[in-house]
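**Q** Protein chains in written order, with our numbering: chain A, 1 to 108; chain B, 1001 to 1888.
Keep in mind that the hints are not guaranteed to be accurate.
[To be verified] Cut-off 20 angstroms, straight-line C-alpha distance, at most; resulting in silico cross-link-like pairs (EDC-like, lysine to aspartate or glutamate):
no.	chain 1	residue 1	chain 2	residue 2
1	B	Lys1286	B	Glu1218
2	B	Lys1670	B	Asp1689
3	A	Lys68	B	Glu1024
4	B	Lys1020	A	Asp52
5	B	Lys1688	B	Glu1627
6	B	Lys1020	A	Asp66
7	A	Lys68	B	Glu1005
8	A	Lys87	A	Glu55
[To be verified] Some residues of chain B that are not near chain A, with every Cβ distance over 12 angstroms (derived):
no.	residue
9	Leu1009
10	Leu1122
11	Asn1166
12	His1256
13	Met1366
Please keep in mind that the hints were generated in silico from the structure rather than gathered at the bench. As the structure is a computational prediction, the values presented were derived from the model and not from experiment. Even glycine gets a Cβ: it sits at the ideal position worked out from N, Cα and C.
Listed here are the chains, written in short residue letters.
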Amino acid sequence: MSGRDLLGEFEQIVLLAVVRLEENAYGVPIRSDIERRTKRSVSIGALYSTLDRLEAKGFVSSSFSDPKPERGGRARRYFRIEAPGVKALARTREALITMWDGVDLGKA
Amino acid sequence: MAKHEPPRLAMLLLRLCLAKRSFEAVAGDLFEEYISGGRSAWWFWTQVFSTLPRRLGFSFGYSEEPRGACLNNPLDTIYADLRYAIRTLRRTPSLTAAILIATTLGIGVNAGIFSLFNALALRPLPVKDAGRVVSIYQNFKNVKTRNTHGAVTLFSWSEYEEYRDNNLVLAGLAAFAPFDATLGTAEGVRRVQGQLISCNYFFVLGRRPVLGRDFSGEECKAPNASPYIVLSHAFWKARFGSNPRVVGQPAVLNRHEFTIIGVAPVGFPGTWLSATDFWAPITMEKALMPGNEGLMSDPNLSWLCLLGRLKPGVSMAEGRANLDLIAKRIDQSQAPRETKLIIQVASLFSLPEARQVVFSVGAVLMVAVGLVLLIACANVANLLLARASGRQREIAVRLSMGATRARLVQQLLTESLLLSLAGGALGAIFSFWTFNAFYRWVFSNLPPEVSSVPMNLGPDVRVLEFCLALSLATGIGFGLLPALQATRLDLNRVLKEESRPAGWRSRGWLRGSLLATQVAVCLVLLVAAGLIMRGLIAAQSLDPGFTVHNVVAASFDLEHEGYTEARAANFYRQLQDRLRTQPGVRAVALASVVPLGGSTRGTEGAVDGHDERVPLTLSLVSPEYFELLDIPIVRGRCFQQSENSSHAPVVIVSESTARRFWPGVDPLGKRMRFGDEKTYDEVIGVAKDVYTADLTEVVGIFVYRPVDTSEASLSILARGKDPASLARQLRATVEGLDRNVLVNVTEIKDNLKMWQAPSRILVVLSSALGLFALLLAATGIFGVVNYAVSQRTHEIGTRMALGASARNILRLVIAQSLRPVFVGALVGMAGAAATSRILTSVLFGVSPLDPLVFLGMLLLLCVVAGLASYLPAYRAARIDPSSALRHE
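Given the sequences, and given the hints that come with them, work out the whole structure.
**A** Quick look at the structure:
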């Protein structure tokens, strides 16, 4: 998969959630943010496999916090967007805007 | 209410499925949401499933993932292995079928025997929340005397009260005592099974009557004041035709009138080894268990079984600790007594004495069927080894491409586990099918007291767990060695040398020892089967030393019927007189026990001049007894009529008794005494040794004394021309004297059958196991030789090209392939010789080392082994050398 590819819909949504949440971007808030805004339920399996893929492409990076008691003594995995991720988001947005330009769904 | 923990099983699944790094984050997220977000367990599970590999077919919620989202997790590889295993097994259907048949039969036989064991000793009672109901028994140390009615491990009434009133751990403690009684009906009397119970019995067990009422606490207070009974459902159906108006009707038990107050629920046959017909309050013990003094008052009398229900939240250990404290307190009042309580979840065979029997018999049976499974495993292992050789190239290629050995062993083990699990499932089904029929047959061959055991043979969790554990053990057992062997390869040679397998030689020893194991175990089983069969033949032709034909016995228990001693004596005298005058009756005699009736009377005795007291078997007989049964008096004289009722101090001893006490000396005139009696009796005669007490052996010390007609439970023997009409006459005469007396009429000849029943059952079981073992061993030998021949085609071709004849080849192949068979046979003979002694009790005089059986079975095995190896050897001898040399 080359860096010039466009992002898939769900990848785009996940990346945007990571950007919006800034310092607080770990599994639980990412998922609730997406669910609240898109009104669609997101399974944890789908979320993490997407995040893993984005990390493998270099679009995000992740780091573990200290263990938290409210998580049964497990660490949080925080995600941060990286430069290639920012570029990919921008490219996808541009492509979509270009495609949408002049489209009137009422006529179709 | 705060939740403490998400579902643990789901957590475990998650850990199995995910790499450690992913698990940390995912599990943490789920935990956080589950606890603080108030999510349900269902939600938790769906989330866990969403992380499972897509190819397993789970899909929850929003996703647009490509396949294989969760790679490199163990579940994924297991799934891949499974699919691969199914594909490979389908390519070799005949081999797969052979393995499946072997494992199905092997596991099926084990599951069948285990279900029986489970029904008897492990399955909880058919009561509410049975896992919380415990049986309590006790063992003593430092106790000089303890009166016993039933078994010594039971409790006295005062001990029961102590435990019932002072424990802190039981919601209720019930006591019961089983007994026989007679029920008066319009057609005469019949024997019924009852249980005397404490009035909280049904409450403790959580089974309330479906009709009428339960006993009230008041009814267990005043003695003899509550003539009420509750019927069992089965008895109500059989005896009262399920009459719904039965409540309030009278029933005559032991000639006392009782009122039926209720009917127990269906499927509750009581809590004893034999199904109960009715229950009565414990305070009615005088009427229902007459002749037992002090049942309620003697604090040192064992007669009550205890069943307790643990309070909610109380663990078994807490229960034990608290009841032990009470035991200690009782011990203190009766120093130096030390009591050890035996507390366990109550089952049909809770009684420690009965448990011991079931466990020891069960162990022997499980070993026997375990051996069959062992043969099946060895057989399958050999088949798998053969197949692994055929797959060497595949394995070599995978190894050379970087697969680890562990990975390949896992793959091969998956295949064998798949086979064994499938075999286990089929075996479980097979056993539930065939063994029910087998048990019905077994029970039709057993005396009625045994066959009324209210067993539930249906499968339950324990049986399923047993099958599962056995399947897993089997799969690893027969799969691990071949898998380890198959993956130990010299890659260079295998890949270069094309088809000729490397390591065939090194694998030969494994193949050989597996084969030898099969043969050895098979021979042990065959010898056992042969010995038991010889024993049965011996039993059928055994001369018990006395006449069994045309003799009929009638036994009574007049004490139950409320007879006094004088009335009993009168009854026996009248009965004898009336019988003697009847046509067709040749002789009549009285005896304390029916010959071969299964019960004996024992006591201790001492010989004049010796202090040593020895246990001996006693029979009280009238003078006619010896003539009636054709037992010769070899020395001295017989009893005389005048000695009959006068307690004359005379005895007749058996030949072996005379030899044991007075070797080389004339026993006549010698004296001996019995039990606690102070006076000595004189030996007036010596009778020939006979098998009246035990058909398997002559009882060592056997003494006859004159009969005491005031005794309540005697038997009357009559000899005539036609046993059937004799039995009718006997019944009619008894009825003419007192139509309410319960009489049990048997032909002595039928008693022989009862003694032969165990060996008849064992013959069928052991022959089936032996034949099955032989069949498995034969297919094993065939498979191995056949494989060896196919591997050596090239070599055989060369030999023939160099001038070997077909005969030479035949001899070569058979000789080489039978070597492990001979080794196994030798080991098997030694094993059989070492273990056959445990069968002594069913051999009826046949030596456990009977040469005929040993050599016969050896011959049988060798013939079968020879045949099994001849077929492939014959094929080898017909190889065409020119095509064989081209064979790769």
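**Q** Taking the hints in turn, state whether each one holds.
**A** Consistency of the hints with the structure:
no., hint, verdict
1, B:Lys1286 with B:Glu1218, "18 angstroms, holds"
2, B:Lys1670 with B:Asp1689, "19 angstroms, holds"
3, A:Lys68 with B:Glu1024, "11 angstroms, holds"
4, B:Lys1020 with A:Asp52, "14 angstroms, holds"
5, B:Lys1688 with B:Glu1627, "12 angstroms, holds"
6, B:Lys1020 with A:Asp66, "16 angstroms, holds"
7, A:Lys68 with B:Glu1005, "15 angstroms, holds"
8, A:Lys87 with A:Glu55, "14 angstroms, holds"
9, Leu1009, "16 angstroms, holds"
10, Leu1122, "38 angstroms, holds"
11, Asn1166, "45 angstroms, holds"
12, His1256, "69 angstroms, holds"
13, Met1366, "44 angstroms, holds"
The earlier numbered hints are all upheld by this structure, with none contradicted.
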